[in-house]
Structure formats: C-alpha cells, structure tokens
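Please arrange chains B and C on chain A, whose structure you already have, making use of the hints.
So the sequence lines, in the order shown, correspond to chains A, B and C. Position 233 (the first sequence) corresponds to 233 in our numbering; numbering is contiguous. Position 19 (the second sequence) corresponds to 19 in our numbering; numbering is contiguous. Position 121 (the third sequence) corresponds to 121 in our numbering; numbering is contiguous.
Calculated from the structure, these hints are not laboratory results. A couple of the hints might just be wrong.
[What the hints assert, rightly or not] Some residues of chain C that are not near chain A, with every Cβ distance over 12 Å (derived): (1) I85; (2) C89; (3) A93; (4) Y159.
[Unchecked claim] The calculated DSBU-like cross-link candidates involving lysine-lysine, where the alpha carbons are at most 30 Å apart (straight line), are: (5) C/K187 <-> C/K142; (6) B/K145 <-> A/K46; (7) A/K332 <-> B/K101.
[What the hints assert, rightly or not] Which residues of chain A face chain B? A partial, calculated answer using Cβ under 10 Å: (8) E28; (9) V31; (10) D32; (11) I33; (12) G38; (13) Y39; (14) Q84; (15) A212; (16) G221; (17) A223; (18) A230; (19) G292; (20) E302; (21) T312; (22) A316; (23) R317.
Think of the CB as a built atom: it goes at the ideal place given N, C-alpha and C, for glycine as much as any other residue.
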Amino acid sequence: MAKSVIPIGPYHPLQEEPEFFTLTVDGETVVDIDIQIGYNHRGIEKLSERKTFDQSTFVIERICGICSTNHPFAYTRAVEDIIQVEVPERAKYIRTIIAEGERIHSHLLWLGLAGHFLGYNTVYMWVWKLREEILDVMEILSGNRNSYAMFKPGGVRRDINAEDIPLVIKKIDSIIPTLTRLKKAIIDDPVLHARLKGIGILTKQEAIDYCALGPTSRASGVARDVRKDAPYGAYDRVEWDMIVTENGDVFDKVVVRILEMYESIKIVKTCLQNLPDGEIDLNIKDIPPGEGIGAAEAPRGETFHYVRSDGTNRPARHKVRAPTFMNLPTCKTTVIGETVSDATIILAGVDPCYCCTERMAVRSIKGKKLYNGQDLIRLSQEKTETIKKKMGIK
Amino acid sequence: MTREELLKDIKDRFKDDIIDFIDTSPTRVYIEIKPESLVKAATYIFKDLEARFNIASGVDTPSNIEILYHFSIEYLNVLISLRVKLDKKKPAVASLTPVFKGANWIEREMHELLGIDFIGHPDLSRLLLADEWPEGVYPLRKDYKEWDKKAIRDRGV
Amino acid sequence: MKLPKIRELIEAIKALIVGPYTSKFPFKPHEPYPSFRGQPVYNPDKCVGCLACEEVCPADAIGHEDITDSLNPKRKIIHYTDTCIFCGCCEAACIADNEGIKLSNEFDLAFFDRKTAEESIEKDLQLCEICGAVIACKDHLKWIAEKIGELTYSNPTLYQSRLKSLGIIDENITSVLKDHGRSDRVKILCARCRRETTLTTV
Chain A
1 MAKSVIPIGP
11 YHPLQEEPEF
21 FTLTVDGETV
31 VDIDIQIGYN
41 HRGIEKLSER
51 KTFDQSTFVI
61 ERICGICSTN
71 HPFAYTRAVE
81 DIIQVEVPER
91 AKYIRTIIAE
101 GERIHSHLLW
111 LGLAGHFLGY
121 NTVYMWVWKL
131 REEILDVMEI
141 LSGNRNSYAM
151 FKPGGVRRDI
161 NAEDIPLVIK
171 KIDSIIPTLT
181 RLKKAIIDDP
191 VLHARLKGIG
201 ILTKQEAIDY
211 CALGPTSRAS
221 GVARDVRKDA
231 PYGAYDRVEW
241 DMIVTENGDV
251 FDKVVVRILE
261 MYESIKIVKT
271 CLQNLPDGEI
281 DLNIKDIPPG
291 EGIGAAEAPR
301 GETFHYVRSD
311 GTNRPARHKV
321 RAPTFMNLPT
331 CKTTVIGETV
341 SDATIILAGV
351 DPCYCCTERM
361 AVRSIKGKKL
371 YNGQDLIRLS
381 QEKTETIKKK
391 MGIK
Chain B
1 MTREELLKDI
11 KDRFKDDIID
21 FIDTSPTRVY
31 IEIKPESLVK
41 AATYIFKDLE
51 ARFNIASGVD
61 TPSNIEILYH
71 FSIEYLNVLI
81 SLRVKLDKKK
91 PAVASLTPVF
101 KGANWIEREM
111 HELLGIDFIG
121 HPDLSRLLLA
131 DEWPEGVYPL
141 RKDYKEWDKK
151 AIRDRGV
Chain C
1 MKLPKIRELI
11 EAIKALIVGP
21 YTSKFPFKPH
31 EPYPSFRGQP
41 VYNPDKCVGC
51 LACEEVCPAD
61 AIGHEDITDS
71 LNPKRKIIHY
81 TDTCIFCGCC
91 EAACIADNEG
101 IKLSNEFDLA
111 FFDRKTAEES
121 IEKDLQLCEI
131 CGAVIACKDH
141 LKWIAEKIGE
151 LTYSNPTLYQ
161 SRLKSLGIID
171 ENITSVLKDH
181 GRSDRVKILC
191 ARCRRETTLT
201 TV
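Bound-form chain A, shown alone (with noise of 0.2 Å):
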C-alpha cells in the first residue's frame, strides 16, 4: 500500500535542539525506529588541531553544555598520559570537586526533565529550584555556572579560598534534606510505579552487545564505571559506593541516578574538608612527540580522548568520543514493542546529551495520523491521568 511520509524536520518552529527520530507504528505499538543525527555537528576534531594544546581545552569545554568538565577532564589526562606525569595532590582534589557538583546538578537536570516528560510540572519545577544551590556553589568555586574554565594539562587554573569553603559547605548541606523528601516522594508514588516499571528493558546482554555506558549500563546489571575501575583523581581516596541495579527498566534508571547524587554529595564534601596544601599546576612546557588516552566518568557514561603529538604546539590528531555516542543505539532495541506514549519517557531514559524528544516524527503504517514532539508529550501526559484516575488517586 503506498504510504506518503510528511516528515516534520528537524528545523521546526517548535523545537530545542535538532535531531531526528522516525518511528514507525502500527495502531499503538512501536514497530521500527530510524534514528538520524548531525545537525549539530561543528567539526571539532579538526578545530582543536589548529589550536595549541593549552587554547584546545576551552573548545573542548564548550562541546557540550551540561557535561562540560568531564570532556577537558579527559583531554588532560590524555595529554598527561602522553608524558606519563601525575598533576599535584591538591590539584588532583580541586578537580574531582568540580567533576562531583557536575554530576549532581546534571542529574538534578534530568530528574526535572523527566517529571516533565511524565505530566508531573511540580517536580520539574521543585527540582530546578533545588538546582539553583548547586550552580551557587559552582559559581563560587569557579567564577562561573558553567563552563567552568578550571582545567589546564599539568593541573588546574585557579585555585579555592579557604575563606569559601565553610560557606559551600553550607549551601550543599542545605539541600539534603530536600532531596531526601524528593526520593521518597519519588520511590512511593504508585503512579510512577505504574508508569515506568517494566517498560523499556535493556537486558545485561544487550547491555553488553551494544557496548551501553553509564547509569544505561549500570541500570541493567552490568557494573561499569571508571572511577572505580581505572581511578584517577581523587577517587582512591574517599569511600563511596558504586550504585548497580537489576532489572534495566526505566525506573531503575531513575533510582540509579538518584542514589549516584548522594555519592557525589559525599565525596564533594569529603574533598572540601581534606584538601592538602601544594602546587596546583606543573608548568609543562612542551610536550614530545607520543600518543595519549584519558577518559574520565561523565554523568552519562565514559568520555574517551585520544591525543597524538607531532613534537609542534599543537594536537596532530584528537579523537572526542562522547558516552551518548554508545548509549544512543540501544534505543533500538528498548523502544520496540513499546506504545507510543511511553516513547517519550524511554528515549529520555537513556539522559541523551540533548532533549531528544523534541524531533520526533511518527508515522502511523495505517491511516495518516502524524505525530510531533509536542503531540508525544501531551500523550505520554495523558496515559498518567488515566492511570491515576483508574487507581483512584487525585
């Protein structure tokens, strides 16, 4: 029978950022997907080859906007590893605090977009407020919300006051409580029990075909994470636990990432209170002909740099791998067989370096209904109402 596709593109009015996914559906039920990236390539790799090795780090910050200190975190070490030298302790502690507030107000940023995803704005509103401390902290420690500017090969830029410490402190232990509230409000709620349990499974196997990185991975059983298998840093030496779950539905993913913000509060204020006293930066001056690896734990997954020298000032060839690369295929497999409703909450499951959501474009097989990214969403709002009402809460 011949069908007649109207794409909505990834250029549309309505939309955040491009990307295009196809789903192709047959009544309900997801049948196929067609996942199509590049509109936002900018061609990178082959900037930072123009740049020196110290101008490289702010072109790798600005790579992405919320995981942006774990990709000059690995270029640094990938640069250091070409020269085989270990940074300073206390320049090895400055940077694991600045890659912990990361992953805390990365996750906190997922969490709100997933409450949003689902119909509940409260929580998207509630957990954004909360956010504001942790950028607060930031903006102390660093001088700015993001793109923190702290990173150099050899150690780090500025150094913290010890005037400032006692009032960070402070402002992150003030929103433990909050955030204990949230997680049991969150962990309770029948509603979202009905609603992500069971849906979207990745298997430990396919976890592992895929090669799925992260909270993905780690959500399906599968316990991967490079601050405990290759340590660098500060993370040999502060107790912290890695969070593993069984089941790989999107529900463990969002207790993985809860639990993983309590570690990284922790650890953030263990480093606080212990930082030794020293050098902050090597000095480096030139660096030899080689070839280096570095990678370091995102909140999304592994980062993986790869740097070759030529013995001249600047990067002969610079590989940038980021996690969403590995995890973004797995949605082949979690999507199908699922509804159309739950399309929205799976594809956001996998926390893609973007709001994905936004270009979507699903075609039904019979008749010519045409679905955009403000269309799921209202769906996958919808089909909670129904539960609530069906479970007889308000």
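Coordinates of chains B and C only, in the frame set by chain A:
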C-alpha cells in the same frame, strides 16, 4: 589472569600477525597487527577476554592512514589498542559490525570523514555530514581544502 | 494513599512562606560573588603593550592596530567583547604582574549594534630612528630595562629608552648625522637597522 599472562597469551596466539608490540606503561598497550587478521584478533579480545569496545580512531599520517581500535579490560585496568595501517590511495578494511553492534556508528563516521571503506558493513550511509557535502571531500584529511565559497570565516561583522 | 501527599505538603508550605527563589532582577540590582568572571578591563597605567594577551587568547578576541603615520605613533589594543569567552587566559598571561588586564564583575553587557562591541586603549609606540619600523611600546622597553638591571647598558635601544623616560637625554646631540656611520650606533633602532649599523666598518 594477571596482566603478564594476558599479554603473553595474546602474543603467542597471534604471533604471525603482530608487527609491533609497545608495552611501556602499566595501563596502556599498543599492538600493531596486519589488516587481514583484524577480525580474528578483535573477536578474540571482545568475546574470549571479555573486553569492552571503547571506540575506533582514524588518523591521517603523512605515509598512510591508521585506525586504532581501543578495547578496555576493566578488571585489570588495561587498555589495549589495536593499530592497523592502511594504504592511502584506497584504504579498505573488514568491518567489525557483524561481531559486535557497537562498531556500527563509528565505522559510518570514519567512512565519511576520512574516506575509509569498510567491507561487510550493513549500511554505510551518512551520519554526521550534511546532505549537500560533495562526495570525495574528506574533512579530516590533512590535504582538505575549503570548498564552500559562501561560508563566513572571520568574526562576521 | 493520602500519606505520601502530606510529606510533599511541607515543601509546598515552605515555598509559600519563603517566596519565589528568583530575584526581581532589572528592578533590583544583582551582586555576583567576588570570584565571578565578568568582562576583562584594561588598565592603561599598568599595561605595557606587549600583546601577550593577544597571543594566548583561545577565542581570538584581542587584536591590535599600529598607527605610525602621525607625530606621536600609537598602538591601539582592541578587545572584542562579543567574541570573548571570559576564560581569564589574558589575565594569567599578562606580564605586568597580571594587572594590565583584569576580569571585572560586569555581566550586563547587551548591545544593539555589533560594530560597537569593542573596548580599546592606546599606548605610545617607539619607532626606529632610521627606517621608521615598529620596535615596541615605550612602556614595554622600560619594563625590560627594569627587569634586567645592569645588563640594560649593553644595548643602546634599551638604555636610551630608559634614560629618555628619566628625562636625561639631549635630543639635539643624538639625532644628528642620519647616515650609517658610527654615530648611528648610539640611537634607538629596530633590529634590522641595528644589524646593519653594527656590521658597517665605516
């Protein structure tokens, strides 16, 4: 297995295929192998040694085009990189997508940015570049020239 | 089923009492923290005009223009505020004790016309006395002379700049006889003219 046993095992099993073995740092090993034995070595490392495939990086050097496949073995904290060197005029190598699905997208990206052909890949379509990008122009090569005359190159004021 | 909702009610009541988290920004001014990184500002008294900030800037947001055709030649250092990424590399690289350019606390930087998005200062420039090529800013030569102490007196360009800035040089005596002879060796020259006068034997 300890680190020494693992490396000795790889060296013995593939002794005809290994050209070079660099082992100077406790956590990084660089092995250069012949392009024909790539699938054999990668399958062994992925399935039998239970390594995780990280990513593959293509490099354009003055003499040839290299591809490095990075695998990480987590319980030993070792990262093994397999290097293959390909001819610059027509670079081609067997695809690893039938072995594990994680290699699908990265081979598409290397095909359009560096011009490497992957034999046996199910679908070598465009991943990152725009549709109006001309064929045969590979941005990551060192002899790439700007082809778009209307692009703005300075501050734009 | 009612019990969980009481827990959330505490948060709602707290929000009602404390009020919204946002401040009324344009009507009430906002003071950022002291360590906030705002727009870089030049200090004309401390800046020596060496252009280290231009070399190091990752975003190419600093440029310069040498105006050599007037009676007092000047170097204009321009900072393009719309390209700046507020990283602080210029402040870290400044040779004048990191004070020539400093990051202030200003964040309210909107403008309507992109051509007006630049800030500049001017420094006096020293030209070669024979060919007129640009040597460096006068303050930069003074800075070098102070830094190397007695070795200043091995290079006529440096010691003449230093003595001129102290005001103890007689212009009439030193600027006479502009041929490539021995008298030229005691003038302020650019590197090329210095080489030519040193190698002449006349």
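Can you list which hints this structure breaks, lowest number first?
-> Numbers 1, 2, 3, 8, 9, 10, 11, 16, 21, in rising order.
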